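Enquirer: Here the structure of chain A is known, so what remains is to put chain B in place on it, guided by the hints.
Chains A and B, in that order, are what the protein sequence lines are. Counted the way our numbering counts, the first sequence spans residues 27 to 134. Counted the way our numbering counts, the second sequence spans residues 2 to 162.
The hints are simulated quantities; they were obtained by calculation from the structure and are not laboratory data. It should be emphasised that the depicted structure is a prediction, and the values quoted were computed from it without experimental measurement. Honestly, I wouldn't trust all of these hints.
Straight-line distance between alpha carbons at most 25 Å, and here's what the computed SDA-like set of lysine to any residue pairs gives [what the hints assert, rightly or not]:
| hint | chain 1 | residue 1 | chain 2 | residue 2 |
| --- | --- | --- | --- | --- |
| 1 | A | K96 | B | W70 |
| 2 | A | K125 | B | W70 |
| 3 | A | K125 | B | R87 |
| 4 | A | K96 | B | C84 |
| 5 | A | K96 | B | L89 |
| 6 | A | K96 | B | F58 |
| 7 | A | K84 | B | L18 |
| 8 | A | K96 | B | R128 |
| 9 | A | K125 | B | R128 |
| 10 | A | K96 | B | L45 |
| 11 | A | K125 | B | I97 |
| 12 | A | K96 | B | G41 |
| 13 | A | K96 | B | H26 |
| 14 | A | K96 | B | S19 |
| 15 | B | K102 | B | V37 |
| 16 | A | K96 | B | I12 |
| 17 | A | K96 | B | V13 |
| 18 | A | K96 | B | Q114 |
| 19 | B | K155 | A | L102 |
| 20 | A | K96 | B | L73 |
| 21 | A | K84 | B | G20 |
| 22 | A | K96 | B | T55 |
| 23 | B | K155 | A | I106 |
| 24 | B | K4 | A | L102 |
| 25 | A | K96 | B | V37 |
| 26 | A | K125 | B | L89 |
| 27 | A | K125 | B | V96 |
| 28 | A | K84 | B | F14 |
| 29 | A | K96 | B | G30 |
| 30 | B | K4 | B | K102 |
| 31 | A | K96 | B | D23 |
| 32 | A | K96 | B | S67 |
| 33 | A | K96 | B | T133 |
| 34 | A | K96 | B | L36 |
| 35 | B | K4 | A | F103 |
| 36 | A | K125 | B | A24 |
| 37 | A | K96 | B | K155 |
| 38 | A | K96 | B | I97 |
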Amino acid sequence: MIDLVSTVLIAAGILFFAFGVVGLLRFPDFYTRLHAAGKSDSLGSVLIVTGFALYSLKTLSAPAVLVAIKIFFIALFIFIASPTATHAITQTAMSVGVKPWEKGEKRR
Amino acid sequence: MAKIATFAVMIVFWLVLSGMFDAFHTSLGLFCALLVAQFGHNLLFFSGNPRTWTVVFFGMVLYLPSLFWEILLANLQVAYIACHPRMLELIDPQVIRFRTKLRTRVSRVALGQSITLTPGTITVDIRDDEFTVYALTRSAARGCPGAMEERIGKIVERPLR
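This is chain B alone, in the form it adopts within the complex:
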């Protein structure tokens, strides 16, 4: 099942990237997609359960708009700090640690990437349920993990239980 799904994703990706639909190029694509599906099927679909993939995939699609909004706000804030004449007084870098309520690996990685994508905070390390985050300002440190953790939990994790 994972092999078929990997093959489908790979062949669609090949067709979009190549843009040429004649026999030669399509057969090359079929061959490559077969090879990747044979040797790499447990990389893309690491869990054996098809329901998990669909929930995670659509969860991520639903999650993207709110992530983009967070990125916009946070980018404006960092741009403001960078251009502020007394920048050194505004920033107060610190390392914080917190424990997450998220259980699955996928949602923890998603939270870590979201924290890094929103400027002002970088995920340094994830050990089990403990996140180490480096924050640029005191307020960024206080706002972490914030609403993103709740959202990921609601969209990706709850349907999986």
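Same shape as in the complex, but just chain A:
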């Protein structure tokens, strides 16, 4: 049962990463690609990490619980670090004058 749930979670996470890659390839410019690259990860990685943690909790022992807690720390740090990095890249691009794509232009 736990096997099944964690497999579904990991598969869903991979699916969201795949959507992120599709967006990365199809979106027209730097900023819109950042949307796809930096953030489909937020949900995808949390789903995958939850799947891992559940799988490790299959045997309810002290080391397994510790491993699960560590895995959730990874998710927490991704949640803090990922938007910060996206924000830093966007702000730098704006300040050096990378022009955003506008409707009607060709993709770059």
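Expert: Showing chain B alone in chain A's frame:
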């Protein structure tokens, strides 16, 4: 007070990560936690008031579920746009500016991070109370800052006044 709190957080974090509770590894952890508490106590607990930490901490815990729900909805929307055959007609990127009602630094940072985490919008800059946000679609731009600002204000900021 901030030193003691930093030390407690650091030693718990060390014990969870190391997973070994013998004298050698625990004493190493004690030493490192002491060093961090001595030199870094004003980084984690930047405000001197213990009540502020507790309100902010539990506020963030209460806020997480609704943030996660927003992330789920917004991720589905961006996945839909990315896979849409006529994607270039759906997206209409724009830069918007708005003023926030949030007063404290913590809640402004939380709002900025939430806006960036929910796909479709990126916080470019926060200057005082003015947010600059880059939005992927017109509807994402209209929905910003939306319900998240209200929630952060209700959970984190109101108890602090």
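Enquirer: Confirm or reject each hint.
Expert: Status of each hint after checking the structure:
Restraint check: the Cα-Cα separation between K96 of chain A and W70 of chain B comes to about 23 Å, which is no more than 25 Å; the hinted pair holds. The suggested pairing of K125 of chain A with W70 of chain B is violated, with an alpha-carbon distance near 32 Å, which exceeds 25 Å. Restraint check for K125 of chain A and R87 of chain B: satisfied, since their Cα atoms lie roughly 23 Å apart, inside the 25 Å limit. Our distance criterion of 25 Å between C-alpha atoms is broken by K96 of chain A and C84 of chain B, whose separation comes to about 34 Å.
Restraint check for K96 of chain A and L89 of chain B: not satisfied, since their Cα atoms lie roughly 41 Å apart, outside the 25 Å limit. Distance hint between K96 of chain A and F58 of chain B is fulfilled; the C-alpha atoms sit about 20 Å from each other, no more than 25 Å. Taking the CA atoms of K84 of chain A and L18 of chain B, the gap is near 20 Å; set against the 25 Å cutoff, the hint holds. Restraint check for K96 of chain A and R128 of chain B: the C-alpha separation of about 35 Å exceeds 25 Å, so the hint is violated.
For the suggested pair K125 of chain A and R128 of chain B, the alpha carbons sit about 21 Å apart, so the restraint of at most 25 Å is met. With a CA separation close to 20 Å, the supplied pair K96 of chain A and L45 of chain B stays within the 25 Å bound. For the suggested pair K125 of chain A and I97 of chain B, the alpha carbons sit about 15 Å apart, so the restraint of at most 25 Å is met. Among the hinted pairs, K96 of chain A with G41 of chain B is consistent with the structure: their alpha-carbon atoms are about 23 Å apart, no more than 25 Å.
Straight-line distance between C-alpha atoms of K96 of chain A and H26 of chain B comes to about 18 Å, which keeps the hinted pair within the 25 Å bound. Taken as a hint, the K96 of chain A and S19 of chain B pair is honoured in the structure, with Cα atoms around 10 Å apart against an allowance of 25 Å. Between the alpha carbons of K102 of chain B and V37 of chain B the distance comes to roughly 35 Å, so the proposed pair goes past 25 Å and is violated. Distance hint between K96 of chain A and I12 of chain B is fulfilled; the C-alpha atoms sit about 15 Å from each other, no more than 25 Å.
With a C-alpha separation of about 12 Å, the suggested pair K96 of chain A and V13 of chain B falls inside the 25 Å cut-off, and the hint holds. Taking the CA atoms of K96 of chain A and Q114 of chain B, the gap is about 23 Å. The hint holds against a cut of 25 Å. With a CA separation close to 23 Å, the supplied pair K155 of chain B and L102 of chain A stays within the 25 Å bound. A threshold of 25 Å between alpha carbons decides the hint, and for K96 of chain A with L73 of chain B the separation of about 23 Å falls inside it, so the pair holds.
Our distance criterion of 25 Å between C-alpha atoms is met by K84 of chain A and G20 of chain B, whose separation comes to about 18 Å. Under the criterion of a C-alpha separation no larger than 25 Å, the hint pairing K96 of chain A with T55 of chain B is consistent with the structure, at around 23 Å. A hinted pair counts as satisfied when its Cα atoms are at most 25 Å apart, and K155 of chain B with I106 of chain A qualifies at roughly 22 Å. For the hint linking K4 of chain B to L102 of chain A, the alpha-carbon distance of about 23 Å falls within 25 Å, and the restraint holds.
Taken as a hint, the K96 of chain A and V37 of chain B pair is honoured in the structure, with Cα atoms around 20 Å apart against an allowance of 25 Å. Among the hinted pairs, K125 of chain A with L89 of chain B is consistent with the structure: their alpha-carbon atoms are about 17 Å apart, no more than 25 Å. About 11 Å separates the Cα atoms of K125 of chain A and V96 of chain B, which keeps this hinted pair within 25 Å; it holds. Annotation: proposed proximity of K84 of chain A to F14 of chain B holds, straight-line Cα distance about 23 Å (limit 25 Å).
A C-alpha spacing of about 17 Å is found between K96 of chain A and G30 of chain B, which places the hinted pair at or below 25 Å, so the restraint holds. Of the supplied pair hints, the one linking K4 of chain B and K102 of chain B is violated, its CA atoms being roughly 32 Å apart against a limit of 25 Å. Distance check on the hinted pair: K96 of chain A and D23 of chain B sit about 19 Å apart at the alpha-carbon level, within 25 Å; holds. Among the hinted pairs, K96 of chain A with S67 of chain B is consistent with the structure: their alpha-carbon atoms are about 23 Å apart, no more than 25 Å.
The suggested pairing of K96 of chain A with T133 of chain B is violated, with an alpha-carbon distance near 35 Å, which exceeds 25 Å. In summary, the hint linking K96 of chain A to L36 of chain B is supported, as the alpha carbons are separated by about 23 Å, within the 25 Å threshold. A distance of roughly 23 Å separates the Cα atoms of K4 of chain B and F103 of chain A; the hinted pair therefore holds under the 25 Å criterion. At most 25 Å may separate the alpha-carbon atoms for a hinted pair to count; K125 of chain A and A24 of chain B exceed this at roughly 58 Å.
Distance hint between K96 of chain A and K155 of chain B is unfulfilled; the C-alpha atoms sit about 31 Å from each other, more than 25 Å. Pair hint K96 of chain A plus I97 of chain B does not hold up; C-alpha atoms about 38 Å apart against a cutoff of 25 Å.
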